[in-house]
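Work the whole structure out from these sequences, hints included.
Sequence order for the protein chains is A and B.
If you count the first sequence from 1, position 246 lands on 246 in the numbering used here, and the numbers rise without skipping.
If you count the second sequence from 1, position 9 lands on 9 in the numbering used here, and the numbers rise without skipping.
Treat the hints as calculated values from the structure; they're not laboratory data.
Beta carbons are placed, not taken as given, at the ideal position from N, Cα and C, and that holds for glycine.
It is possible that some hints are incorrect.
[What the hints assert, rightly or not] Pair by pair, the computed Cβ-Cβ distance ranges are:
hint, chain 1, residue 1, chain 2, residue 2, range
1, A, 320, B, 122, 55 to 61 Å
2, A, 321, B, 223, 49 to 55 Å
3, A, 131, B, 134, 41 to 47 Å
4, A, 356, B, 33, 53 to 59 Å
5, B, 223, A, 316, 38 to 44 Å
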Amino acid sequence: MIRRILLAALATTILMAGAARAAETVVWWDFLGGGDGIRMKKLIEDFNAEHAGKIQIQGTTLDWGVPFYSKVQTSTAIGQGPDVMTYHASRLPLGVSQGVLSEITDADMKAMGLSADSFNKTTWDAVHVDGKQYAVPFDTHPIVLYYNKDKLAAAGLIGADGLPSGLNGADNFLAALQKLKAGGSKWGISTVTADGSFAYRTIYSLLCQQDGQTGGDGNWFPGDNQAKLAKAVDTIASWVKAGVNPPNSDYPTTVALFTSGDAPLMINGVWEVTTMSDLAAKHKLFNWGAIELPVLFNHPCTYEDSHTLAIPNNAGKAQSPEKHAAALEVIKWLENHALFWATAGHIPANKAVTDSAEYKAMQPQATYAVAATHGIFDPRSKLAGVASPMFDAAGNSFTPALNGETSAKDAAAEMVSTMNALK
Amino acid sequence: MLKNSATERLAAVALVAPFVIIYCWMFVYPTVRMAQLSLTDAPLIGAGHWTGLDNYRRLFSDKVFWTAVWNTSYFVLLTVVPGTAAALGIALMVSRLSGWLQSLILTMFFLPYVLPVTVVYLIWQWLGNVQFGVLQFIVVPFVGHPVNMWRTIPWFMPWVALITIWWTNGFSILLFLAGLRNIPSEIYEAAVLDGATRRQIFTRVTWPLIWPVTVLCLTIQLILQLKIFDQVYLFALGGRTAATMVLVQYIYEQAFQRNAGGYAATIAVALFVIVVGFSVLQYQVLRMRGAR
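Following this line, the structure appears as structure tokens:
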């Protein structure tokens, strides 16, 4: 009897060991700590359930920004990096120069059933450095204008289609903000003014709306672009000066002013959609929505970035064909299940998802999804991108100007000289 | 028993060796490598090209570096002596209490010390929030409008210094309290019998006898505060970092954000020189005071 139990136990152990060996483990790192992180964990769980015994994702969430990218850089240098990771498209030029990323080949794309046609052209271009592809776009995440429908309706700023109207044009927009304030709101709009590197996203959008362009090393804002940059900074500064946008407002305060109803408008990333939808689900929020940034100047244009999926270039430890196939399967599966990712606010990069009827019924996502077609990514430089020297330069130059401590002209001049001095 | 001096020497070497080996491996070797690195244009990872003294030339004309030197020194000035003085004052008051009340008060002063820096950051961020913070009720009557302490440059260092003293003072208080308990009560009794006033008792008895602890506190504080990084980094995040920069933060920024390992090493060498300079200076000053 005992012998039989022992034998059975032995057999089970061998079987389990066999099963464990058969399942390929894919080590996954991301930097998604907010509401989107919770949704990514759910996606990973679903993937693991569906691939039980075949592929298992072992996920770790690290700190967003410089800590994440430092960790990726140092660990891949000694072959201890993950098998798949999230990466900002705007950081790819720097990542490639650091030798952190593996190329994604045409064969890889074919294996995943994806091609250039699966994505928007701007997004597709954003994952290429010097003509080579280094990542697969998973989403695009522009900044958008959140609105409090009740307050806008009271001020007569909701059109016949139920969406905000009468916000286009810089002067018109300021007038609308003043109207909202006159109507009894504490502020007209809430934008981050204590952090110039965050406000950079809006400033960059407004620069683009004026047909402004960025140059590159040594000549970052050629010609009249410095003046356009100053005008973009001055636009936000004028809201603060007019008393319709809180001065020195940090990120959490900005969100709190909107959700508490003190500010009927807010400019922020689509990642805050989860905050709103979670509050709304608990019936703790007014009627809300989000739209593409209004056209304050010549044409619609919005800053955006993309969470991409990339395979690191682990030094001295090339991915085995099995591991590589598993990594590609992970990316493929996520791309095909990006509809759930859209609940986190991000616009799925895979057009097959955004073209689906389910996505088109999703609100407010489907309303602001148009922003992705008017999107502009960070300049393609290793000095630009999230948490880059350019973000720092923006923090230093723009923060005092937004709050009226220096002029927008001086801020633009400082930004230009700081950027041009960088190597 | 007679001992052979050669075997004695051998034993000495064997006993000292573990320390010397680890010290050379973990401290001397990296320090030498750092100095070497500062003469190259190396990225964060991997080798660079020899550039001679280029990094040092760049350092001396780097405005942000000098801002960082000034801010670090200013911070040391704002924290080391005031912080130690506050700790002594609190320790003197706490030592007059006894029993559970003393333990309770001491715990209250020590509590902030166990908090991680992120918690300290969040607490003060909330307290000082320009829209909702309770501290604004104190600020507004004096200034006339709410102030974002972390974005108004003249307010930045003093506030970070104040918070740092609040945060780290518990340890110094504990050291002082231990020092005060070590002063024999007979000396105080004798002083009282001789008709000494409270003031005289402090200046003639307590102060000279507590001096070694004061020196210890000052030294620990000086070395700690010269290495200031986390508070300044967190409170300045996204703001005007070039104006609030401190030295360790600048090393971090150059190494991890700008991928400039060589230049970061150069700043680290400069910080090393500054720490040595400050320490020698302080040692001399304190020795003069002690010899008097």
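Checked hints:
1. For residue 320/A and residue 122/B, the Cβ-Cβ distance of about 44 Å falls outside the hinted range of 55 to 61 Å, so the restraint is violated.
2. Here the CB-CB span from residue 321/A to residue 223/B is close to 53 Å, well matched to the stated 49 to 55 Å.
3. Range check, residue 131/A to residue 134/B: Cβ separation about 56 Å, and the 41 to 47 Å hint is violated.
4. For residue 356/A and residue 33/B, the hinted distance range of 53 to 59 Å is satisfied, since their beta carbons lie about 56 Å from each other.
5. Separation of residue 223/B from residue 316/A is about 39 Å and conforms to the stated range, judged on CB atoms against 38 to 44 Å.
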